[in-house]
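Undergrad: Taken in order, these protein sequences are the chains called A and B.
Count along the first sequence from 1, add 9, and you get the number used in the working numbering.
Count along the second sequence from 1, add 250, and you get the number used in the working numbering.
One should not assume that every hint holds.
Derived DSS-like pairs (lysine-lysine); straight-line CA-CA distance at most 30 Å [unchecked claim]:
| id | chain 1 | residue 1 | chain 2 | residue 2 |
| --- | --- | --- | --- | --- |
| 1 | A | Lys227 | B | Lys255 |
| 2 | B | Lys255 | A | Lys122 |
| 3 | B | Lys429 | A | Lys227 |
| 4 | B | Lys302 | A | Lys222 |
| 5 | B | Lys356 | A | Lys227 |
| 6 | B | Lys255 | B | Lys285 |
| 7 | A | Lys227 | A | Lys103 |
| 8 | B | Lys255 | B | Lys356 |
| 9 | A | Lys60 | B | Lys356 |
| 10 | B | Lys255 | B | Lys463 |
| 11 | A | Lys446 | A | Lys38 |
| 12 | A | Lys222 | B | Lys429 |
| 13 | A | Lys122 | A | Lys103 |
| 14 | A | Lys415 | A | Lys459 |
| 15 | A | Lys476 | A | Lys459 |
| 16 | A | Lys103 | B | Lys429 |
| 17 | A | Lys503 | A | Lys445 |
| 18 | A | Lys56 | B | Lys429 |
| 19 | A | Lys222 | B | Lys323 |
| 20 | B | Lys302 | A | Lys103 |
| 21 | B | Lys323 | A | Lys60 |
| 22 | A | Lys60 | A | Lys42 |
| 23 | B | Lys255 | A | Lys222 |
| 24 | A | Lys103 | B | Lys255 |
Reference listing, derived: stretches of chain B covered by chain A, where coverage requires no fewer than 3 residues with Cβ under 8 Å from a Cβ of chain A [to be verified]:
| id | region |
| --- | --- |
| 25 | 253 to 261 |
| 26 | 305 to 319 |
| 27 | 326 to 334 |
| 28 | 337 to 349 |
| 29 | 352 to 362 |
| 30 | 437 to 449 |
Read the hints as simulated data drawn from the structure, not as lab findings.
Bear in mind that the values here come from a model prediction, so they are computed numbers and not experimental data.
All C-beta atoms in this analysis are idealised placements derived from N, C-alpha and C, irrespective of residue type, glycine included.
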Amino acid sequence: MTATALGMPQVRHGVGNIFEHEPFPEYAKRELKNEQLRANLGFATHKIRTKRDAVTSELPDWQDLRTAGSMIKQQVMANLDTYLEEFERNFTAKGGHVHWARDAHEANEIALKLIQAEGVTEVNKIKSMATAETGLNEYLEEFGIHAIETDLAEEIVQLGDNDRPSHILVPAIHRNRTEIRDIFRRKIEGVNPNLSDDPAELAEASRFRLREKFLTNKVAISGVNFGIADTGTMTIVESEGNGRMCLTLPDTLITFMGVEKLLPTVQDLEVFTQLLPRSSTGERMNPYTSMWTGVTPGDGPQNLHVILMDNGRTAVLADQVGRQALNCIRCSACMNVCPVYERAGGHAYGSTYPGPIGAILSPQLGGIENEHNATLPFASSLCGACYDACPVKINIPDVLVHLRGKAVDAEKAQGEFAGGKKDPHYQMDAIMFGAKKLFSSGKLMGLATKGLPVSKLVTGKKHKISKLPGLVGGWTDYRDIPEPPSTSFRNQWKKERGAAPKRVGGSRVDVAALMEANKTKVAEAHAKAEAANPIIKEAQ
Amino acid sequence: MTDAKSEILGRIRASLWDSPQPAEPVRTYRRVSDKGQEEIIEILVDRLIDYKANVYHETAETIAGRIDELLAKASRYVVPAGLDAAWLPEDTASRSAVTDSGNADKPGALSVRELDAVDAVVTSSTVSCAETGTIALNSNPAEGRRAITLVPDHHICVVPVETIVELIPETVARLDIEKPITWISGPSATSDIELIRVEGVHGPRTLDVIILK
C-alpha cells in the first residue's frame with residue numbers, strides 16, 4: 010500500500026487488480042488488431058445500447074429516477090462512516106458477522122480463514138467485481154482451495170485457461186460459441202463429446218456441471234449490489250439462478266462488500282432496482298433479485314459473513330471532484346456507449362474496472378502515480394455519452410479532465426525530465442503561455458495573421474504540413490495539417506465590412522438607453538402583428 | 251496499531267475534510283399508480299409473456315383443473331405448508347403433492363436431494379409489479395422457504411389479482427423486509443453466449459403464472 014500526500018488529506022491507495030500494467034495507447038493498439046474481439050464488442054455494445062435506450066425511454070420518470078439515485082448516493086458518501094456503523098449494528102443484530110478489511114490482501118486473508126474454519130477445499134462463487142478486484146480466486150488457489158465460478162460467462166472465462174473478463178456485464182463476449190464449445194468439450198468431465206455450439210445446449214452443459222456443486226458445496230462467496238444501512242439487508246440481482254443457488258443452499262455465505270455499496274433505507278431500493286437492470290442488461294427487470302436480512306432459521310445459510318473493504322475507496326472519497334466515482338452501481342452502461350471502449354475492449358484498461366468508469370476509478374483507487382494508471386484518464390474523447398447514460402449521473406468527463414490535470418502534476422513531480430527544459434510539459438506550458446498572450450491582444454493577433462502568406466513556404470507543393478517539430482510533432486505523426494489560408498478571417502472581415510469603430514477599453518453598452526430608444530419600435534411591431542392577425546386581438 | 255474498523259472509519263472522516271452537505275434527495279418519480287386494475291393486469295400479462303413465462307387466467311372454481319393440466323405427467327410435486335389445498339388437484343395413483351414444512355432444521359422439510367428429484371413446485375406469491383413483470387415471494391406460509399422454488403425445474407406460481415400493483419415503489423411498500431425475499435421476472439435466463447437469450451440455466455426453466463380472480 011502506498012501513502013501519498015498530494016495535498017490534504019493523506020490517503021491510502023488500494024492494491025490488487027486496479028492497475029493499468031502498460032500505457033493504455035500501447036495496449037489498445039495491440040487489441041485493435043484482434044478482429045474477433047472488435048467484431049464481438051461492436052455487436053454487443055450496440056445491441057445492449059439499443060435495448061437500454063428502449064427500456065429507459067419507456068419510463069416517463071427516468072430522469073427523476075436518475076436524479077433521486079444520484080442524490081441518494083451523494084448522501085451515502087457524505088455520511089459514509091455513520092451508515093457503515095448503522096449497517097454493522099443491524100447486520101450483527103440479525104445474526105450476521107461483520108469483518109473490516111483495509112485492503113484487498115486483508116479481505117482475502119479474512120475470507121481464507123473463514124473458509125478454512127469450515128474445513129472445505131471447494132467453494133461456489135457468484136460473479137463479483139469486488140473479488141475480481143482482490144484477486145481472490147488466485148489467492149485461494151495458493152492455499153489449495155478451488156473457487157468455482159457459477160455465472161456462465163465467468164465459468165467460460167475460468168475454464169478458458171489464462172483468460173480474463175473483457176466486459177463487466179458479459180465477461181466472455183470476446184469468445185464465440187465455437188470456442189466456448191471447444192472449452193466445454195475439453196474441460197467438463199462427462200460432457201457429451203458431440204456437444205454442439207447451440208447456446209441452449211451449452212447452457213445445459215453448464216447446468217449439468219454445476220448442479221452437483223450447488224447441491225454439495227457448503228460455502229459460497231458473493232459480492233453484493235446494495236446493502237441497506239437501516240435494516241442490515243443485502244440485495245443481489247442476477248439472471249441465471251446461480252446466485253439464488255449460492256445464497257440459499259450453502260451453510261456459510263461470505264460476502265465481499267466495498268464500503269461504498271450502501272443505501273440508507275429499504276425505500277431507496279425502489280429507485281435502484283429500477284435504475285440498475287434497465288441500465289445494465291436493458292431489461293425492465295433482471296430474472297432474479299434476492300434480498301435477505303440476517304439469518305432466517307431453517308431457510309438459507311445460517312453462518313453469514315460480510316467483509317467491508319476499503320482498498321482505496323477512502324482515497325477516492327478524499328477528492329472533491331473524483332468522489333462521485335464511488336456512486337457507481339456497476340451497470341456497465343458507460344462502456345456500452347463509449348467509442349473508445351467499443352474499439353479497444355476491456356482488456357486494454359488493465360484493471361478489473363474497464364471503460365469510462367474504470368478510467369476514473371482505477372487511477373483513484375490505486376493511485377494515479379502508480380504503474381500506468383496515469384494513462385487511463387486520457388483513454389477518452391470526452392464526448393460525454395457516458396455521462397448521459399450513467400443512471401446515477403456520474404459526470405465522468407468532468408472527472409477525466411480533473412484527473413488529466415492530476416496526471417500531469419504527478420508526471421511533472423516525478424517524471425523523467427522532472428520539470429527541466431526538455432520536459433514535454435515545459436514545452437506545453439510555454440506554448441500555452443504564448444497562446445494566452447496572443448489571444449488576449451488584438452494587436453499581437455493581427456500581427457501574427459500577417460504572417461499567414463509566409464506559411465506557403467512551409468507547405469510546399471503538396472499544400473500541407475506533414476511534420477511539425479518538438480512536442481506538437483505528435484499531432485502530425487498521424488495527420489497532415491492542411492495549408493493555412495492566405496489571409497485570416499479577421500483580415501477578410503475587415504476588408505469586406507470595414508474596420509470596426511475603435512472600442513475604448515472599459516466602455517460598456519448602455520442597455521437601458523438602448524431599450525428606451527427602441528421602446529416605440531416594440532409597440533409598433535405589436536400593433537402591426539395584431540392588425541395582420543385578428544385572433545391575437547381576441548385573445549387579449 | 252489500531253484495528254481495521256477504527257482505521258477505515260478514521261480514513262473516511264479524514265476524507266470528508268470538506269464536510270460535504272448534499273441536499274436531501276428529491277423523489278419526484280411515480281410512487282402511486284394512476285391506472286385502473288384491468289389495465290394494470292394487462293400490463294403484467296404483457297410483460298410476463300415478453301419474458302417467456304406462460305400466463306393463465308383462472309377463478310377459484312377453475313384453478314385446480316388448470317394446475318392438474320400444467321402438472322401433466324409430473325409424479326411428485328412440492329407445495330409449501332400454508333398453500334390453499336383447494337387450489338390443488340386430487341392426488342392420483344401416478345401423482346402426489348409433497349408438503350414442505352418450511353424449516354430445513356425441522357421434520358417435514360425436504361432435503362436438497364429430494365427437492366432435486368421432484369418435478370415441480372406450486373406456490374402463491376405476495377405482490378406482483380406490472381410495470382416490470384415481477385412476482386415477489388416473501389417467505390409467507392403459502393410461498394414457503396426459498397429452496398423449494400429454486401431447485402425444482404418447473405414453478406407454477408399463483409398470483410391473486412388483489413396482489414397486483416403497477417409500480418416498483420408500490421411493490422417495495424408491500425414487502426416485509428425482515429423475511430427473505432425473491433423477485434422473479436420470468437424463468438431463469440442467460441445471454442452470456444453471443445448475447446443470445448437462452449431461457450433456463452440453474453433456476454426453474456419453466457415458469458407458469460396463474461392469475462387468480
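Undergrad: All hints are to be evaluated individually against the structure, with a verdict given for each.
TA: Against the structure, the hints:
Proposed proximity of lysine 227 of chain A and lysine 255 of chain B is supported: the alpha carbons are some 28 Å apart, at most 30 Å. Restraint check for lysine 255 of chain B and lysine 122 of chain A: satisfied, since their Cα atoms lie roughly 18 Å apart, inside the 30 Å limit. For the hint pairing lysine 429 of chain B with lysine 227 of chain A, the CA-to-CA distance comes to about 22 Å; that is within 30 Å, so the pair holds. Distance check on the hinted pair: lysine 302 of chain B and lysine 222 of chain A sit about 28 Å apart at the alpha-carbon level, within 30 Å; holds.
For the given pair, lysine 356 of chain B sits about 19 Å from lysine 227 of chain A by alpha-carbon distance, which is consistent with the 30 Å threshold. Distance check on the hinted pair: lysine 255 of chain B and lysine 285 of chain B sit about 49 Å apart at the alpha-carbon level, beyond 30 Å; violated. Among the hinted pairs, lysine 227 of chain A with lysine 103 of chain A is consistent with the structure: their alpha-carbon atoms are about 21 Å apart, no more than 30 Å. The suggested pairing of lysine 255 of chain B with lysine 356 of chain B is violated, with an alpha-carbon distance near 38 Å, which exceeds 30 Å.
Proximity of lysine 60 of chain A to lysine 356 of chain B is assessed by CA-CA distance (about 46 Å); at most 30 Å being required, the pair is judged violated. In summary, the hint linking lysine 255 of chain B to lysine 463 of chain B is not supported, as the alpha carbons are separated by about 53 Å, beyond the 30 Å threshold. For the hint linking lysine 446 of chain A to lysine 38 of chain A, the alpha-carbon distance of about 37 Å lies beyond 30 Å, and the restraint is violated. Between lysine 222 of chain A and lysine 429 of chain B the alpha-carbon distance is near 26 Å, which keeps this suggested pair within the 30 Å criterion.
For a cut-off of 30 Å, the pair hint linking lysine 122 of chain A to lysine 103 of chain A stands: about 22 Å separates their Cα positions. As the CA atoms of lysine 415 of chain A and lysine 459 of chain A are separated by approximately 38 Å, the hinted pair breaks the 30 Å bound. Annotation: proposed proximity of lysine 476 of chain A to lysine 459 of chain A holds, straight-line Cα distance about 22 Å (limit 30 Å). A threshold of 30 Å between alpha carbons decides the hint, and for lysine 103 of chain A with lysine 429 of chain B the separation of about 11 Å falls inside it, so the pair holds.
For a cut-off of 30 Å, the pair hint linking lysine 503 of chain A to lysine 445 of chain A stands: about 23 Å separates their Cα positions. Proposed proximity of lysine 56 of chain A and lysine 429 of chain B is contradicted: the alpha carbons are some 37 Å apart, above 30 Å. For the proposed pair lysine 222 of chain A and lysine 323 of chain B, the alpha carbon gap of about 28 Å is at most 30 Å, so the pair holds. Of the pairs offered as hints, the one joining lysine 302 of chain B and lysine 103 of chain A is violated, with about 37 Å between alpha carbons and a cut-off of 30 Å exceeded.
Distance check on the hinted pair: lysine 323 of chain B and lysine 60 of chain A sit about 38 Å apart at the alpha-carbon level, beyond 30 Å; violated. Using a Cα cut-off of 30 Å, the hinted pair lysine 60 of chain A and lysine 42 of chain A holds, with the two alpha carbons roughly 28 Å apart. For the hint linking lysine 255 of chain B to lysine 222 of chain A, the alpha-carbon distance of about 34 Å lies beyond 30 Å, and the restraint is violated. At roughly 20 Å between alpha-carbon atoms, lysine 103 of chain A and lysine 255 of chain B fall within 30 Å of each other, so this suggested pair holds.
For the region 253 to 261 of chain B, the stated coverage by chain A holds: 7 residues have a C-beta nearer than 8 Å to a C-beta of that chain, and at least 3 were required. Remark: the region 305 to 319 of chain B is not confirmed as covered by chain A, as 0 of its residues place a Cβ nearer than 8 Å to a Cβ of that chain, below the required three. Only when three residues or more bring their CB closer than 8 Å to a CB of chain A does the claim for the region 326 to 334 of chain B stand; here the count is 0, and the claim is violated. As drawn, the region 337 to 349 of chain B meets chain A at 0 residues by the rule of a beta-carbon pair under 8 Å; below three, the given contact is violated.
Counting residues of the region 352 to 362 of chain B whose C-beta sits closer than 8 Å to any C-beta of chain A gives 7, which meets the bar of three, so the coverage hint holds. With 11 residues having a Cβ less than 8 Å from any Cβ of chain A, the region 437 to 449 of chain B passes the three-residue criterion, so the hint holds.
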